[in-house]
Amino acid sequence: MKDRYKETVAGLTEKELLFHLTATQIFLLTISAILGMFLFDSVKEFRGLFVWDDRNILLYGLGAGVAVVSLDVILMKYLPKAYYDDGGLNERIFKNRSVPEIMLIAVIVAASEEILFRGVIQTNAGLIVSSFVFAVMHYRYLFNWFLFMNIIFLSFLIGYIYLITNNLAVTIVMHFVIDFIIGLIIKFKAHPANGGTESE
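Just so it is clear: in the sequence shown, position 153 is 1147 by the working numbering, and no numbers are missing.
It is worth saying that the hints were derived from the structure and are not from the lab.
A quick note: this is a predicted structure, and the numbers were derived from the prediction, not measured.
Mixed in with the good hints, there may be bad ones.
[To be verified] With beta-carbon atoms standing in for the labels, derived distance ranges:
hint	residue 1	residue 2	range
1	1046	1098	12 to 22 Å
2	1035	1085	39 to 49 Å
3	1038	1183	42 to 52 Å
For each residue, glycine too, the CB sits at the ideal point set by N, CA and C.
Let's have the full structure, built from the sequences with the hints guiding it.
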């Protein structure tokens, strides 16, 4: 099954890859909107989950995001490469993108996933349910026990930070920081000489 997944990822064209990525995020936002209509009394109540002038955005959003990536970089240096094998999807997504494209992808993914998993699910069903659904939704990690444990830990960590800050803006920033830095690492590792592709 893992080999079949790798073949599927490898067989996707750039357009197909971006289509699937975009469609997934639109799907998550659609689910959020549908559930939100039933679980929140008003749009104002949902908007109250976002507090952008909160110092926790720097402390937990930026700080915890950088800490998570730093730990990952250290582990990648010492653990076998197979532990971080996700079937090649992250590499396909990020390695040939420009920095603005990586930033845009990270913003869209962070916002859509946090709105659904923390804003809608955790707010109404709790930390354990939202963390479990978040981990299972990252389907490709199910084929690698280390990455699956990693994503469960990350999900609980982001969920816990949402629990103590009660601010969706904090977790969106944290999620963005993690995805953006990892995207940059993949890009510059793939193109160490010029920091990008020749098409940029």
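**Message:** Hint compliance check: list the failing hint numbers for this structure, sorted ascending.
**Reply:** Violated: none.
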